[in-house]
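S.K.: Here is what each chain is made of, one letter per residue.
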Amino acid sequence: MTLLGGGLLLIMLAGVPGLFCRSDEHGGERFAALLTLVGAVCIGAAIVSATRGSGELSHTFAWSVPGASLAFYLDPLAICFLLPLLIIVATGAIYGLRYWPHREHPANGRKLRLFYGLISGAMILLLLARNGVLFLMAWEVMAISGYFLITTEDHQAEVRRAGFIYLIATHTGTLALFALFVLLGPSTGSLDFPAAGTLAATGSSLIFLLGLFGFGMKAGLMPLHIWLPGAHAAAPSHASALLSGVMIKTGIYGLVRLTSLFAEIPAWWGWTVLLLGAVSGIMGVALALAQHDIKRLLAYHSVENIGIIALGLGIALLGRSYDQPALIVLGLSGCLLHVVNHGLFKALLFLSAGSVIHAVGSRQIDHYGGLLKLQPWTGAMFLGGAVAICGLPPLNGFVSEWLIYLGSFQALKQPGSALAAAVLAAPVLALIGGLALACFVKVFGIAFLGEPRTTAAAQAHEAPVAMLAPMVTLLVACTWIGLLPTTLHTLLQKAVGTWAGTVVAGVATGSVAPLRWISLSAWLLLLLVVVLFAVVRWRSRTAPRELGTWGCGYRFPAVRMQYTASSFADFLIRLFAFGLNSEEHGRQVAGLFPLRQTFSSHTPDAVLDRILVPAFRAGSWLCRRLRAWFHNGSIARYLLYVIVTVIVLLTLFTP
Amino acid sequence: MELTNSILLAVILINFFTLGSARLGACVRIVAVQGALLALLPIMVHGVTLHSTLLAAGAFCFKGVIIPWMLLRAIQRVRIRREMEPIVGFVPTLILGTLTTAGTFLFADFLPLISAHHEGLYVPTALATIFSGFLLLITRRKAITLVLGYLILENGIFIFGVLLSEALPLMVETGVLLDLLVGVFVMGIVMDQISREFSTLNTERLSALKE
Amino acid sequence: MLGSLVLHLVLLLVFAPLWLGIIIKAKALFGGRVGAPLLQPYYDLARLWRKGFVFSRTTTWVFLAGPVVGLLVPLLASLLIPFGGIDAPVSFEGDLILFVYLFALARFFTVASALDTGSSFEGMGAAREVTFSCLAEPTVLFALLVLARLADGLSLNQLFGDHLGQAWQGGAGASLGLILVCLFVVLLVENSRIPFDDPTTHLELTMVHEVMALDHSGPLLGMILYGAALKMMVMSALLVRLAVPWQTGWWLTDAGLFLAGLVGVSLLVGIIESTMARLRMPRIPQVLIGTSLLSIFALVLVLR
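Residue numbers (the numbering used here), protein chains in the order written: chain A, 1 to 655; chain B, 1 to 211; chain C, 1 to 304.
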């Protein structure tokens, strides 16, 4: 417990010493990174010692706040969320040393470090909290620090707008959570979390809906994702990695924790989560495909991956409603493992994207090109992340998606019942996978391959070691899970046990999903590819390399003729035109010898820009009209209001 | 049983084809095939009796030969080959068609039918065919496709009718077929008039005729 | 285990280019020509492997990765599927997903190596390739779901087990027929055959798969061609097993039956190539969505 608490404090307050240093020197930043690293190691050690022992750790201290107690509890479910958190926080802190040095950003360097520490600490606290008040406090600290991380560059109007939307969204969600904990309170007597599997499901639909709204808002499930793309694009890259890799997972953690409290689960909960997951997955990846800004694109992929995680959770919930242990085990292991995986590869992608942005100075994919030659390491790291996020075999994304697939296939064993409809999760996942592949091959191909499209891209430089080392660490973690998934098997098994109780006691993940075989095939694949690649590389070592690409007969190909990100995605985007509504300008070329033509396309967010903003605008217009009508300065009319109010009150309150 | 199920399956596949194809000639021909296939049903369900043979022969003549022939002639006369710009695109109609078909299969299990009808594909196919006809009627503009929609709608009703044909006198069947034939005649005249008046077959132009 | 592994690999590696030869021969016969000898693909591969490499100065190591992964993936995937009556040497619960995702991996690297050249033609082909396979993927999954519904387990070996014989005669015949058609369409799309793609056209603007390999030459082109042949054989093997689910029990006759089935598939592809025109590009997604819908319908039929 000392280790845990000490580590927590170290991480949380890592940015404080920096406040006393000069703002334009690097004094505070190295110390902050060191504190964060030590803190992460402490917590890691605490987790290891806890898993060596009983696997759980529990401490409760009294607190003078009414209804509250300092109840900490570390169980396998929390560990699943803590592990990626620690890795990402630590790697991000080191990455930040060179990505956002104080010297280059005297205005906001200290602020960034302070809130980076605060949000990390708050998230750890949140995962350990077992009391409603403590949880909400940690939640709110996390939300507010998140706001300050997003608005690091608050001199830009776009960043301020993103931060503002985030603030509105997160507080709407928090409001729902307040109501949720108030409703949970009476059934248990105190605001401490009840033990798993003790609450009756009857009459708790409102609790579930509030939780789904509040936690779903943080997680970024599809109709509630409005804050996510802007916020992730606006924050500095290592902060985006933290926000996307870890913070949005706290929403998933909330949902998983909340559903673990109930003794039985009504079937419609599972269906709702499954449906939301499918919508988030497909629309998230379709919107991502249409983006030109690399960080917005990655942000939409977070929506997609939250969708995949929700598919797993939905399958697990359905398994509990229909008493199918295999579904619970596969669905929830897939969900939790994907939480870990997505944290790792999304952080890797954000960090390598940050390295590219740092080198080129633009977030537009179409401004890059040919970066693999200039940034070989960053490119290789991005490729690793891309392969992992597409769920392709030798890396970790495949393992978790595979578990979710198997979970949905298990539903086939129940013919005649409504559960059979859960098999549709499999084709949905396949479609998501195909689209994600198209999207990442687009980003990697346009940004890193071909010829540089701008002079800035042609002069790009490789990132320094302090930025590369965190990426390598993350890629190693991804490869580790991909090649040796069996190492996480016990943890997942225990986590599923804590979530679902004794129902799943008889079903081991290994028996329904042979992870050993996956590990074996991944090794075989990697080995064969490396060997054959080495052979071809060796045979081609003397080949001529000074020729140009064949231009299909055209003599003077220029770099501007290369396929761009928008042209690559155009075919698919037009297929999804019904949900994307891209705006295009200048597709048609007029006349025989057109001189100068411009084409631009832009895909606004399906919910925020298409529904919410117009709706709120209409609402404010209506209110303004009403106000103008009611409040028009004529005294006689105000007197009339007074009379009417008095009459109404008299009629209402006289018995 | 196996053979009737294959026929009914073919009927459903033909529904999909008409929903997804833009070529009018191919649509008319394939609907003719559908009609001819359906004409086999009465014999296969009730055996070779006078009633069923008459029904089959009538259906074959009208659905499989006469009406398609008239439609093909109409296509030749007004010289259109494709349904351009339907109100709802081909892919969305196809998706809708499949969803409604899947829906009818699920729905048919809940209908209070006698057990003999629960087993086969009759009821879901009939419902699916009726819905496909409606879909075609709702989503297309060209008068010829609309006639095809009516034809498919009638085919769906016919499948229901086959199940009931023991109880249903021949006269009712004939009446339905006659109605359809008259309908086709009327549509033919209307088509001729539209194409002469507006030099197109889009039924939307008819709304210009009001008042 | 080891014996069946060797048999699998020998069958695959030796016979894979033959089916291309049969397709070309069938097309030649339909066109009234004598055509190239049946073994021409083998000669081509041998010739390409002896040649030297030429690289564009734009390319990086990713350019090599495409052909390498494209060659190895069908090889590994073939170990997961039964060849006719011969059981798969490697089989475990859930290998069907691995099978699908291995091909996705190959696609990722093929497309990346096409984009590596910086040519807009290859970019065009790459964009089409990812679009079409995105749409083909749900079809494959629906087909696998239908098969998984009829089988006891979730390995490809069990999915394509000998229970399929009874399933054809039983109530699931219609569904199996539908997914057979759907999988055949997927085979044509994924292996870039007419009516979806034309491997022999001279116009880069209209090609899908071949245009991605425009800058690959010599051994790399050979690896791509060989990989494509392996992929075609692996996918046809599934079709053959689905259409002819019987086994004799003796490996030699099983292998003979399997090869005969593959000849049949190749002839069918050849006939389709000779008698059909290729579809307009915007029609291809429509056809693929249509096949997905058909496979959904097949799933509804077996779930009922």
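There could be a bad hint or two in this list.
Unchecked claim - Facing chain A, a subset of chain C residues (Cβ under 7 Å, in silico):
hint, residue
1, Arg57
2, Leu64
3, Val111
4, Val130
5, Ala148
6, Leu150
These aren't lab readings, by the way, just hints derived from the structure by calculation. Yeah, the Cβ is synthetic: ideal placement off N, Cα and C, and Gly gets one too.
S.K.: For each hint, tell me whether it holds in the structure or not.
M.R.: Here's how the hints hold up against the structure:
no. : hint   : verdict
1   : Arg57  : holds, 6 Å
2   : Leu64  : holds, 5 Å
3   : Val111 : holds, 5 Å
4   : Val130 : holds, 4 Å
5   : Ala148 : holds, 5 Å
6   : Leu150 : violated, 10 Å
When each numbered hint is compared with the structure, a violation occurs for hint 6 only.
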